[in-house]
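Quick note: the sequence shown uses the numbering used here, first residue 9, plus one each step.
Do not take every clue at face value.
Below are the SDA-like pairs computed for lysine to any residue, each with C-alpha atoms no more than 20 Å apart in a straight line [what the hints assert, rightly or not]:
1) K128 <-> P34
2) K128 <-> V148
3) K128 <-> P117
4) K128 <-> L141
5) K128 <-> G219
6) K128 <-> W118
7) K128 <-> S138
8) K128 <-> L106
9) K128 <-> T140
10) K128 <-> V139
11) K128 <-> D224
12) K128 <-> L218
13) K128 <-> H238
14) K128 <-> L145
15) K128 <-> S115
If you anchor each label on the Cβ, the simulated ranges turn out as follows [said to hold, decoys possible]:
16) L25 <-> A160: 33 to 41 Å
17) V137 <-> A160: 33 to 41 Å
18) H238 <-> E164: 48 to 56 Å
19) W104 <-> A144: 25 to 33 Å
20) A144 <-> S195: 24 to 32 Å
21) V242 <-> V102: 47 to 55 Å
22) L136 <-> A18: 35 to 43 Å
23) W104 <-> Q243: 27 to 35 Å
24) G50 <-> L218: 55 to 63 Å
25) S195 <-> R40: 50 to 58 Å
26) L116 <-> P191: 28 to 36 Å
27) D57 <-> P32: 34 to 42 Å
28) Q173 <-> L16: 18 to 26 Å
Since the hints were made in silico from the structure, they are not lab data.
For each residue, glycine too, the CB sits at the ideal point set by N, CA and C.
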Amino acid sequence: MTRPATILLALVVVLGLAAPWLAPNPYDHQFRDMASASPQPGFPMGTDDLGRDRLSRLLYATRVSVLLAPSAATISVLLALLFSALAALPSRLVAWTLSLANGIFLSLPWIFLFIILRSKLSLNTDPLVSVTLTFALMGVAGWAIPGRAFTASIVEMKDAGWLLQARAAGLRPWRIATAHAWPHLWSLALVQFRILIPAYVLSEASLGLLGLGVADPMPSWGNLLRDLQHPDVVQANPWTLAPLALLVLVMICLESLTPSRKAAL
């Protein structure tokens, strides 16, 4: 299962990267005389209710959803490594503060922050700004999950012989964290990174479906899925299921390549 999943996932990534060259039309161009058109030459998947080419929008949506999820995962892992390094400090106050911050971030209703973010964005906001803010906020919101795993690992290292020797040698805490503790966390960081990618792909799709993710006219799997809220549209235009089919395929591939939760810990 691993090899077919890798091949399929690589194919989807290539399609996303090549969207500017493969898309038959600009993703935001409106063919006003072709609104809700059926598949035909020039529009293999037809057009939406604004006359935009569905295939072009699907390709660009793949580019956004699949390629930026790793960016959000990178932000989460780097922030988690940064904050977990504080656990190496010989201070109970720092450890308590870190544990408190971790608990707060895990319990906050982040959906309301996305609602606030969308309310602050004007209708003419640059699509790139919308995409960047959405995935950056996802990355910041998600640091606590890998952070808890990293902190637990560093706490276990505190009594390790090599760490005691480093302290005895007079090395500063940040030097110990970056030069000695972090190298022991790279394998765990990679596992957490691979776990977060499918989580963020699905999170973006959920936010987009609610109208809280990437803003129009920039397409993403999430805002393309909004067409599925109208059964009559789906029944008349079965090709509107393409984003859902692609999302399910990618999630299956990512899940088959993602380490188990036991391995992550």
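Right, here's what the structure says about each hint:
no.: 1; hint: K128 <-> P34; in the structure: violated, 27 Å
no.: 2; hint: K128 <-> V148; in the structure: holds, 18 Å
no.: 3; hint: K128 <-> P117; in the structure: holds, 18 Å
no.: 4; hint: K128 <-> L141; in the structure: holds, 11 Å
no.: 5; hint: K128 <-> G219; in the structure: holds, 14 Å
no.: 6; hint: K128 <-> W118; in the structure: holds, 16 Å
no.: 7; hint: K128 <-> S138; in the structure: holds, 11 Å
no.: 8; hint: K128 <-> L106; in the structure: violated, 30 Å
no.: 9; hint: K128 <-> T140; in the structure: holds, 15 Å
no.: 10; hint: K128 <-> V139; in the structure: holds, 14 Å
no.: 11; hint: K128 <-> D224; in the structure: holds, 15 Å
no.: 12; hint: K128 <-> L218; in the structure: holds, 16 Å
no.: 13; hint: K128 <-> H238; in the structure: violated, 28 Å
no.: 14; hint: K128 <-> L145; in the structure: holds, 14 Å
no.: 15; hint: K128 <-> S115; in the structure: violated, 24 Å
no.: 16; hint: L25 <-> A160: 33 to 41 Å; in the structure: holds, 37 Å
no.: 17; hint: V137 <-> A160: 33 to 41 Å; in the structure: holds, 37 Å
no.: 18; hint: H238 <-> E164: 48 to 56 Å; in the structure: holds, 53 Å
no.: 19; hint: W104 <-> A144: 25 to 33 Å; in the structure: holds, 28 Å
no.: 20; hint: A144 <-> S195: 24 to 32 Å; in the structure: holds, 26 Å
no.: 21; hint: V242 <-> V102: 47 to 55 Å; in the structure: holds, 54 Å
no.: 22; hint: L136 <-> A18: 35 to 43 Å; in the structure: violated, 26 Å
no.: 23; hint: W104 <-> Q243: 27 to 35 Å; in the structure: violated, 57 Å
no.: 24; hint: G50 <-> L218: 55 to 63 Å; in the structure: violated, 33 Å
no.: 25; hint: S195 <-> R40: 50 to 58 Å; in the structure: holds, 54 Å
no.: 26; hint: L116 <-> P191: 28 to 36 Å; in the structure: holds, 31 Å
no.: 27; hint: D57 <-> P32: 34 to 42 Å; in the structure: violated, 19 Å
no.: 28; hint: Q173 <-> L16: 18 to 26 Å; in the structure: violated, 48 Å
Of the hints listed earlier, those the structure fails to meet are numbers 1, 8, 13, 15, 22, 23, 24, 27 and 28, in rising order.
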